[in-house]
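Take a look at the letters that make up each chain.
There are 2 protein chains.
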Amino acid sequence: MYRKSSYGSELDQLIQLLSKLPGLGPRSARRAALQLIKRKDSLMRPLSTALAEVAEHVNPCTSCGNLDTTDPCHICDNTKRDISTICVVEDVADLWALERAGNYSGLYHVIGGSLSALDGVGPDDLNIASLIERALAKAVLEVIIATNATVDGQTTAHYISDRLKDCDVTVTRLAHGVPVGGELDYLDDGTLTAALKSRRPF
Amino acid sequence: MYRKSSYGSELDQLIQLLSKLPGLGPRSARRAALQLIKRKDSLMRPLSTALAEVAEHVNPCTSCGNLDTTDPCHICDNTKRDISTICVVEDVADLWALERAGNYSGLYHVIGGSLSALDGVGPDDLNIASLIERALAKAVLEVIIATNATVDGQTTAHYISDRLKDCDVTVTRLAHGVPVGGELDYLDDGTLTAALKSRRPF
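Quick mapping for you: the protein sequence lines, in order, are chains A and B. Using the numbering used here, the first residue of the first sequence is number 24, and each one after it goes up by one. Using the numbering used here, the first residue of the second sequence is number 24, and each one after it goes up by one.
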C-alpha cells in the first residue's frame with residue numbers, strides 16, 4: 024500500500040518486523056516505531072539489548088518445556104515444589120497464568136499446543152512421550168490436565184488421559200464452573216450446566 | 024499483579040519493555056515475547072538488530088524534522104521536489120501519511136506536536152521558529168497547514184497562520200469534507216456543514 028521509499032530502509036525494516044508481532048498491525052507498528060525513536064535511550068536501546076539477551080540465554084527446559092535461562096528451569100529446580108504432581112498445559116503462557124494465580128506448588132509439563140486435525144497437529148508433534156516418561160517415575164502421584172477448554176484442548180485432554188492409563192497416577196482436570204466475578208446472565212449454557220452439575224454444599 | 028519471579032529476569036525485562044509500546048498491554052506483551060522466542064532467528068534477532076541500527080542511524084532532519092538516516096533527509100535532498108511549497112504537519116506519522124497518499128511533491132515541516140494549554144505545550148515547544156525562518160526564503164511561495172482537524176490542531180493552525188503574516192507566502196490549509204468512501208449517514212454535523220459550504224460545481 025505505501026511506497027517503500029517513504030521511510031529510510033532501516034526504518035522500513037524495523038516497521039515490518041514490528042508489524043509481525045501479535046497485536047500490532049502496520050499502523051500500530053509505525054506508531055510503535057515513532058514512539059521508540061522518541062525514547063531512544065529509555066526504550067529503544069534497552070529493548071534491543073533485552074531481545075538479544077533473551078535470544079541468547081532463554082531456552083526451553085528439557086524436562087518440562089518452561090522457558091528459562093537455566094536448564095532445568097527454576098520451577099523444576101526448586102526443591103520446595105511438590106514433585107508428586109505434574110500439571111499439563113498447552114503453552115508457556117498457560118504455565119505463566121497458573122504461576123500468577125500463585126496457588127499451585129507442583130511441577131509443570133508444557134506439551135506445546137493441542138491436537139488439531141485441521142492444523143495437522145498429531146500426537147507426535149506435541150511433547151506427550153516425554154510426559155508419559157515423567158509420569159512413569161515412582162514419585163509422581165497425580166497428573167492434572169490443564170489444557171484449554173476448547174474443542175482441541177479437550178480432545179488433547181482425552182488423548183493424554185488415555186495414554187496415562189498404564190502409568191500409576193491419578194489423572195485429574197480443572198473444574199468447569201462460573202468464573203469468579205462472573206455474572207450468570209453473560210455465561211454460556213455449557214458453563215452453566217457444568218457449574219450446576221458440579222454444585223457443592225454451601 | 025504477577026509475581027516477578029514467575030519468569031526469568033531477562034524475560035521479565037523484555038516483557039516490561041514490550042508492554043511500553045503503544046498498542047501492547049501486559050497481556051499482549053507476554054504473547055509477543057513468546058512469539059518472539061518461538062521465532063528467534065526469523066524475528067527476534069533481526070528485530071534486535073533493526074532496533075540497534077535505527078537507534079544508531081536514524082535522526083531528525085535539521086531542516087524539516089523528518090526522520091532519516093541522512094541529514095538533510097531524502098525529501099529535502101530530492102532535487103525533483105518542489106521547493107516553493109512547504110507542508111506543515113504535527114508529526115512524522117502525518118508526513119508518512121501524506122507521502123503514502125503520494126500526491127504531494129513539495130517539502131515538509133514537522134512541528135512536533137500541537138499547541139495545548141492542558142498539556143502545557145506552548146509555541147516555544149514546537150519547531151515554529153524554524154518554520155518562519157524557512158518561510159522567509161524567497162523560493163517559498165506557499166505554506167500548506169496540515170495540522171490535525173482537532174481543537175488543538177486547529178488552534179495551532181491559526182497560530183501558525185498568524186505568525187506567517189509577515190512572510191511573503193500564501194497560507195492554505197487542507198479542505199474539510201466527506202472522506203472518500205464515507206457514508207453521509209455516519210458523518211458528524213460539523214463535517215457535513217463544512218462539505219456543504221465548500222461544495223463545488225459538478
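Careful, some of the hints might be misleading.
Each pair may be met inside one copy or between any two copies, as identical chains are not told apart.
30 Å max Cα-Cα, derived DSS-like pairs, lysine-lysine [as the list claims (entries may be wrong)]: (1) K43 - K61; (2) K220 - K63; (3) K63 - K188; (4) K63 - K43; (5) K103 - K188; (6) K220 - K103; (7) K188 - K220; (8) K220 - K43.
No wet-lab data here; the hints were simulated from the structure.
Status of each hint after checking the structure:
1. Both within a single protomer and between protomers do K43 and K61 lie at most 30 Å apart by alpha-carbon distance, with minima of 21 Å and 13 Å respectively.
2. Taking the shortest Cα distances, K220 and K63 never come within 30 Å of each other, neither inside one copy (56 Å) nor across copies (45 Å).
3. Proximity of K63 and K188 under a CA criterion of 30 Å is satisfied in neither setting, with 56 Å inside one chain copy and 37 Å between copies.
4. Taking CA atoms no more than 30 Å apart as the test, K63 paired with K43 passes in both settings, with 21 Å inside one copy and 13 Å between copies.
5. Only within a single protomer do K103 and K188 lie at most 30 Å apart by alpha-carbon distance; the minimum there is 28 Å, versus 75 Å between protomers.
6. With identical chains, the CA atoms of K220 and K103 are never at most 30 Å apart, being 36 Å at best within one copy and 75 Å at best between copies.
7. In this assembly of identical chains, the alpha carbons of K188 and K220 lie at most 30 Å apart only when taken from the same copy (26 Å versus 78 Å across copies).
8. In this assembly of identical chains, the alpha carbons of K220 and K43 never lie at most 30 Å apart, being 43 Å within a copy and 44 Å across copies at closest.
Of the numbered hints given earlier, the model fails hints 2, 3, 6, 8; all others are met.
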